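Asks: Here are the chains, one letter per residue:
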Amino acid sequence: MSLVSGPGRGGSGGSVPDELKLVVDRHVKYIQSLDTRQDELEYWLTEHLRLNGVYWGLTALHLLGHPEALPRDATIDFVLSCQHENGGFGAAPGHDAHMLYTVSAVQILATVDAVEELDRKGKAGGEKVGEYIASLQDPMTGSFAGDEWGEIDTRFLFGAFNALSLLHLLSLVDVPKAVAHVQGCGNFDGGYGVSPGAESHAGQIYTCVGALAIAGRLDLVDRDRLGGWLSERQLPNGGLNGRPEKLEDVCYSWWVLTSLAMIDRIHWIDGEKLTQFILQCQDLDKGGIADRPGDMVDVFHTVFGIAGLSLLGFPGLQAVDPIYCMPKAITSRIFGR
Amino acid sequence: MSHGIPRGSGVQPATAEDRQKELQKIKDYKGLVESVHLRIQERQYTIDTLDLTTKLLRWNPEFYTIWNHRRLIMRHILSAGSGEDGQGFKTSHDASVNIISDELSFLLPLMRKYPKCYWIWNYRLWLLEQSTHYLPAVAGRQLWQQELALASKMLSLDSRNFHGWGYRRTVVNALESPELQSDGSASTLTEQEFDYTTKMINTNLSNFSAWHTRSKLIPKVLTKKQADKVARRKFLDEELELIQRALWAGSEDQSLWFYHQNLMSTFDPKYAADSMAPDLSGEERLEYVTQEIGRIQEMLDGAEDCKWIYQSLISLSILYKCLSGKWPVGQSVIGHWVDELAKLDPLRANRWADLRRDLGAP
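Just so you know, the protein sequences line up as chains A and B, in that order. First residue of the first sequence: 1, per the working numbering; consecutive thereafter. First residue of the second sequence: 1001, per the working numbering; consecutive thereafter.
Since the hints were made in silico from the structure, they are not lab data. These numbers come from a predicted model, not from an experiment. Hints should not be assumed to be uniformly reliable.
[Claimed, not checked] If you anchor each label on the Cβ, the simulated ranges turn out as follows:
| id | chain 1 | residue 1 | chain 2 | residue 2 | range |
| --- | --- | --- | --- | --- | --- |
| 1 | A | Lys29 | B | Gln1297 | 54 to 64 Å |
| 2 | B | Pro1269 | A | Pro93 | 53 to 63 Å |
| 3 | B | Trp1248 | A | Pro93 | 56 to 66 Å |
| 4 | B | Ser1105 | A | Asp219 | 42 to 52 Å |
| 5 | B | Glu1283 | A | Leu20 | 55 to 65 Å |
| 6 | A | Ala319 | B | Pro1109 | 44 to 54 Å |
| 7 | B | Asp1094 | A | Gly216 | 47 to 57 Å |
| 8 | A | Arg217 | B | Ser1105 | 39 to 49 Å |
Built from N, CA and C at the ideal position, the CB exists for glycine as well.
Can you build the whole structure from these sequences, using the hints too?
Replies: Next comes the structure, spelled out in structure tokens:
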């Protein structure tokens, strides 16, 4: 899966019709074409995102109702080729193990119902993957590092909860301590930051609220205050930003919107205007979605735009799980709910 | 990811010659990656390998594995430098200082060019942590001290860069840590940092990052001063004056209103315990709320189209009712405020509908 941006641009392609629609087939073709772009230097320069890219592309395809559009066996083989003997995954073969890619690996395998392939064909089995993730928790603070070099970020804590719960191995970590750490990242506006003391940021709010949701501790969230702050992320053009006084960006259609969904406040923004904004960011000819109209499309903004539309109940899309950003049908199967 | 890549960039190679050039670049790049990986596999932690990673990271600073490779090389060089080779410690420390300083200089232009690249900031912090480990406190402290200036520089280029603010916080924590005190005592930069937020706010009121940081520093300032109730009230009054002046200057600025909301929490029994004046009496809280309602109402004159004013007046009225059992103004006035708010802010119409329902508003 290539992370190369373009070739399309948000807002381009033909004349703008009165009523914008989601160009499902174009997006499917766009995602399918990504791995054929090995003659572009950018394909190689973005190799450090490859496994995330597979997760983004695959999830987008599932939500679009085309789960078969990527070959299942090749997907599994690629994922397993990124694994290290300690259980962790790198972005691509030869890249170091890191939480971010380990989580994508687990999410991909869960999505294509192939978690058991870890035990069958992986360099380390499912239990070992869980142990790798658990080894990154700081037993003193409850926080999680991204890898052995020690960067701390609530993204990694959420990633750990996300992947471990998908593997049914959440018991390997100290959940209450991690929850306390998330609380320590809380701010006066009801939001959360990257670490204690850090400013609220919609991306980090998603990770912290998501972690609390997995831990069953949403009671700790100040829903009205956080909901108020999140709802003010919507700008007059319908798009959402990630912090006060910043530009709108399609990826916040996911981070902000799903955080609102998790605290039952999704109706606090104008869903119709957000829908229109996301649709305007599509390239109607070549497929793909950009951060905002006029910019280059990429698979990251494509999945989060589509996931946002799914959350808004856009017709024809598969339902998305607000915590996991995976098809709801799949998380329902895994958690039996 | 490719945030904000504008129209016109990333144009596909058009001619056969362009395509050839692109393929050559790919070949060069992959060759460089290959040779770095190979050398690390063979544990060739040498200056030559370091130079190759320099070349590669300048080409692609997002390649996190290469930063890790570089850490392995640096750790090797630094531990060799402080080894027991019979040389005077001073010399090897000087050598270590030079190695770390060179490395910090190498990073500088990359940070300028890619100010949002997580891996560069992390690598820099890791390197400084090594300096704490390998150098005596005085020399280590000097390096960390310079980083405070760097954080200021980066924030002067982009006053909202959260990497910059986070970096600054980490540097301050390090400078306050016992490891970096030559006499083992603790020092604190809390007041200096508080003044820094004032400076940033005075430069640009609309800096939510600075207001946020301020909210985190105030409890520390007060604790350090061992402020009593009177001192806390004085501090609170000064903050209220500051935000009033700011709101008069920029009543459409949401950063200011969020900070105002934060200050108002001081009077809310639900939040007061964590506020800067936790032990105000109920009567004192009510006095403050009354004063604040008056001040915000004054702002309404000539700014009838500012939704934030109505929002604030409504929440202050709810707080007033919670403290006193009655509304500060007639319920029809509050109903009018909700109407205006809903009219001015249609994007959040459902939020205001929920508010109306919760108020049991007429």
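Asks: Compare the structure with the hints numbered earlier in the document and write down the numbers of the violated ones, lowest to highest.
Replies: none
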